[in-house]
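Trainee: In the order they appear, the protein sequences are chains C and L. Under the working numbering, the residue at position 405 of the first sequence is numbered 405, and the numbers go up by one with no gaps. Under the working numbering, the residue at position 19 of the second sequence is numbered 19, and the numbers go up by one with no gaps.
Heads up, some of the hints might be wrong.
Unchecked claim - Here are the simulated DSBU-like pairs of lysine-lysine, each with C-alpha atoms no more than 30 Å apart in a straight line:
#1 L:K29 - C:K41
#2 C:K362 - C:K187
#3 L:K41 - C:K41
#4 L:K224 - L:K29
#5 L:K41 - L:K187
#6 L:K253 - L:K41
#7 C:K91 - L:K362
#8 L:K371 - L:K253
#9 L:K224 - L:K253
What the hints assert, rightly or not - Computed from the model, here is a short list of chain L residues facing chain C with C-beta under 8 Å:
#10 G51
#11 S72
#12 T84
#13 Q99
#14 V251
Said to hold, decoys possible - Now the stretches of chain C that chain L is said to cover, found in silico as 3 or more residues with beta-carbon under 8 Å:
#15 93-104
#16 353-366
If you're looking for bench data, these hints aren't it; they were derived computationally from the structure. Where a beta carbon is used, it is the ideal one built from N, C-alpha and C, also for glycine.
Chain residues, written in single-letter form:
Protein chains: 2
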Amino acid sequence: MKFGGTSVADLERIRRVARLVAAEAATGKPVAVVVSAMAGKTNELVAWTDGAGAAAPGLTPSDDEYDVVVASGEQVTAGLLAMTLRNMGLKARSWMGWQIPIIADDAHGRARIEDIPGEALGAAMDSGEIAIIAGFQGVTRDGRIATLGRGGSDTSAVAIAAALGGVCDIYTDVDGVYTTDPRIESKARRLAKISYEEMLEMASLGAKVLQTRSVEMAMAHRVKVRVLSSFVEPGEAPDQGTLLCDEEDIVEKRIVSGVAYSRDEAKVTLFGLPDHPGVSSRIFSALADANVNVDMIVQAHARTADTANMEFTVGKRDAARAMQVVGDLKGDLGFEGAALDEDVAKVSVIGVGMRSHAGVAKTMFQALAEKGVNIQVISTSEIKISVLIESAYTELAVRALHAAYGLDQL
Amino acid sequence: MKFGGTSVADLERIRRVARLVAAEAATGKPVAVVVSAMAGKTNELVAWTDGAGAAAPGLTPSDDEYDVVVASGEQVTAGLLAMTLRNMGLKARSWMGWQIPIIADDAHGRARIEDIPGEALGAAMDSGEIAIIAGFQGVTRDGRIATLGRGGSDTSAVAIAAALGGVCDIYTDVDGVYTTDPRIESKARRLAKISYEEMLEMASLGAKVLQTRSVEMAMAHRVKVRVLSSFVEPGEAPDQGTLLCDEEDIVEKRIVSGVAYSRDEAKVTLFGLPDHPGVSSRIFSALADANVNVDMIVQAHARTADTANMEFTVGKRDAARAMQVVGDLKGDLGFEGAALDEDVAKVSVIGVGMRSHAGVAKTMFQALAEKGVNIQVISTSEIKISVLIESAYTELAVRALHAAYGLDQL
Chain C
1 MKFGGTSVAD
11 LERIRRVARL
21 VAAEAATGKP
31 VAVVVSAMAG
41 KTNELVAWTD
51 GAGAAAPGLT
61 PSDDEYDVVV
71 ASGEQVTAGL
81 LAMTLRNMGL
91 KARSWMGWQI
101 PIIADDAHGR
111 ARIEDIPGEA
121 LGAAMDSGEI
131 AIIAGFQGVT
141 RDGRIATLGR
151 GGSDTSAVAI
161 AAALGGVCDI
171 YTDVDGVYTT
181 DPRIESKARR
191 LAKISYEEML
201 EMASLGAKVL
211 QTRSVEMAMA
221 HRVKVRVLSS
231 FVEPGEAPDQ
241 GTLLCDEEDI
251 VEKRIVSGVA
261 YSRDEAKVTL
271 FGLPDHPGVS
281 SRIFSALADA
291 NVNVDMIVQA
301 HARTADTANM
311 EFTVGKRDAA
321 RAMQVVGDLK
331 GDLGFEGAAL
341 DEDVAKVSVI
351 GVGMRSHAGV
361 AKTMFQALAE
371 KGVNIQVIST
381 SEIKISVLIE
391 SAYTELAVRA
401 LHAAYGLDQL
Chain L
1 MKFGGTSVAD
11 LERIRRVARL
21 VAAEAATGKP
31 VAVVVSAMAG
41 KTNELVAWTD
51 GAGAAAPGLT
61 PSDDEYDVVV
71 ASGEQVTAGL
81 LAMTLRNMGL
91 KARSWMGWQI
101 PIIADDAHGR
111 ARIEDIPGEA
121 LGAAMDSGEI
131 AIIAGFQGVT
141 RDGRIATLGR
151 GGSDTSAVAI
161 AAALGGVCDI
171 YTDVDGVYTT
181 DPRIESKARR
191 LAKISYEEML
201 EMASLGAKVL
211 QTRSVEMAMA
221 HRVKVRVLSS
231 FVEPGEAPDQ
241 GTLLCDEEDI
251 VEKRIVSGVA
261 YSRDEAKVTL
271 FGLPDHPGVS
281 SRIFSALADA
291 NVNVDMIVQA
301 HARTADTANM
311 EFTVGKRDAA
321 RAMQVVGDLK
331 GDLGFEGAAL
341 DEDVAKVSVI
351 GVGMRSHAGV
361 AKTMFQALAE
371 KGVNIQVIST
381 SEIKISVLIE
391 SAYTELAVRA
401 LHAAYGLDQL
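Please model the complete structure; the sequences and the hints are all you need to start from.
Mentor: Here is the structure:
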């Protein structure tokens, strides 16, 4: 069982979580619980590290001391939940990353789990003790605290389930994975099941239910993951939620399973780029060297013979850096100018059914055209199509696509 | 170097601490720094544990999960100070209790340090890395976090100094140990030196500069401890403060070194107690079984032949429990009644010179009599005399005694 920050935001919510855990333990199954920091705590801690110099030149948030500070939030929640369960008469104890241990690499601030020797943890659980595990944290082979990046507690939970051979219930502030964001489209439907591949695309493309890496790990280890609401009473949970599973376990096939969107996009346009071999390579090597992740790319020949325009997208947070990098190349490559547009959004449709069905893209472009939404850039993979549009059209586009694929009829 | 909660209360103060540490490191000596939680943080964490059931029947603050929660505060400060020092271009890293390790017993919430294998820590310091150590915490031989009780960071600091063979500078919000509390007597003088024995009595009798256990440990290991103000600029520190040392290292002998007081007292009076052998033993055994610490005791025969009155003092926090215990014994022992008086204070004079000087008590009783202060209970040891008085007279008594022993003339 994994509970996120809003589910453990205060003592009253921690008591609610304790009741859900107690109900699960009453079924007789060994139970491990992964907890996040109380909502807001991680932000407070991160702000302090910024003040202490994490954001200063020469130091980055990947500092190992950053991890020492921010990992403390999960420690607090784990101790409080263990105390609450004991107070209800149950056997429980907290486990920090270094106690299990959850062995992680030393990429501090975004570490990856390498190994979880689960013997001590498993033995404690087999003796009837509920294990309360601090999420988001591991320990390096050097014995230093390492954190797994934002949303890392999801990954902790899936990794623990994989190590112990269990199922993983992610309790969150929504009651499952929806066909799209219900705050935008009230007709959004909860999916009873979704394939790992689709969930991976949904998470990468902007759906914030699960950390992308946790889905990768669930897929790699074939861990059955359920997304459930933590705002239910004990006993209600089993009928709710969304199950992540193999594609073949989904009986009712759909062409499209969901519509995702992200406003964390910025578009860079380079005008009048000389049409030589090696020019693109120069640009994208320089961006990679500056740690800028490039997402969508499109190149179009200009009307004049020897130059082209190029557009690509980056995360909003990297936009200024990307402009700096291309600006530095301007004299060298001899293009005419560069423009930045942060007023864009990426809208995507995702579905494993696309593999075997033609016409998915046609439906998408038609639906957007009917609403007068102009498509700026397109990118596709085997199971998704993404388009970049003007940000103001985001909600309109999401609703149009949700209807066009009949997702409100599920 | 040890810095308490008010010295690291926010990022600006942490930067001030970093400058003091940098100045010390610049002298070329290996430096270890022990830090407390940011002021207020431990109280916040303790309040959460109360809410989660630490204060509930059947669970006590000695719960091991209580320690998991409250130890997180020092972790945060240690990480932030290490980051700040790195940002100034220095080599530094944080050390948690479990990383050094600081091995403690499993009396959670008030654990005692058993051993500090200082090899890894010492090697890191010898390589020029400043060690930033989370105070107040150790780890049991079972690998669980254990905290050392309120003020435990002082003990952490002395223990680290003992393990590494160093001197221990305790930076605090006062600039040393005073002849009495300067908030009560503006003529209080800072002592340049004080013997371990005197400091131990001062700490036990109410002076809040150092945790009692840290003084015991300094005395046992002959660690040179200095109490200094953290509100000085780098470079100023060496001329300031108070040095704890052996009695023979103090050239200027004093009969009395200080006046301490405590308002954390409550007096229990038992009336008409049958004057049989074994009655006192029954009472104090029952109190000990209920974990009530008894401090001062006096027994007086009543005018009628066969009964006596008894008075004893306990900490205010134990007062209700003490009354419960004696109430339960009433029918059995057949005394007439019990009364509780929480309106009392203990005032003490401390000095190693008492051993060789007569008349110290006479001076005390005379000074108090002149001010009309009534003495309720007296207790003495080789180097201190304590009296219990009505709480309202506390300041008056402290000032009268401070003058009577000429402490404003030092």
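Trainee: Restraint: L:G51 near chain C, CB-CB cut 8 Å. Satisfied or not?
Mentor: 4 Å, holds
Trainee: Three residues or more, CB to CB closer than 8 Å: is that satisfied between the segment 93-104 of chain C and chain L?
Mentor: holds (count 5)
Trainee: What's the verdict on L:K371 and L:K253, does the C-alpha distance respect the 30 Å limit or exceed it?
Mentor: 28 Å, holds
Trainee: Hey, L:K224 versus L:K29, does the alpha-carbon distance stay inside 30 Å?
Mentor: Answer holds: L:K224 to L:K29 is near 16 Å, not above 30 Å.
Trainee: Take the C-alpha atoms of L:K41 and L:K187, compute the straight-line distance between them, and say whether it is at most 30 Å.
Mentor: Given that 30 Å is the threshold and the Cα spacing comes to 34 Å, the pair is violated.
Trainee: Taking 8 Å as the Cβ threshold, is the statement that the segment 353-366 of chain C is covered by chain L upheld or broken by the three-residue rule?
Mentor: With 0 residues close enough to chain L, the hint is violated.
Trainee: Would you check whether L:V251 satisfies its interface hint, that is, whether its CB is within less than 8 Å of any CB in chain C?
Mentor: 44 Å, violated
Trainee: Would the pair L:K29 and C:K41 pass a check requiring their Cα atoms to be no farther apart than 30 Å?
Mentor: 37 Å, violated
Trainee: Using Cβ atoms only, decide whether L:T84 comes closer than 8 Å to chain C, and label the hint accordingly.
Mentor: The hint holds - L:T84 has a Cβ within 8 Å of chain C, the shortest such distance being about 5 Å.
Trainee: Holds or violated: L:S72 as interface residue toward chain C, Cβ cutoff 8 Å?
Mentor: 4 Å, holds
Trainee: Straight-line Cα separation of L:K224 and L:K253 no greater than 30 Å?
Mentor: 19 Å, holds
Trainee: Given the hint that C:K362 pairs with C:K187, test it: the Cα-Cα distance must not exceed 30 Å.
Mentor: The hint holds at about 23 Å.
Of the numbered hints given earlier, the model fails hints 1, 5, 6, 7, 14, 16; all others are met.
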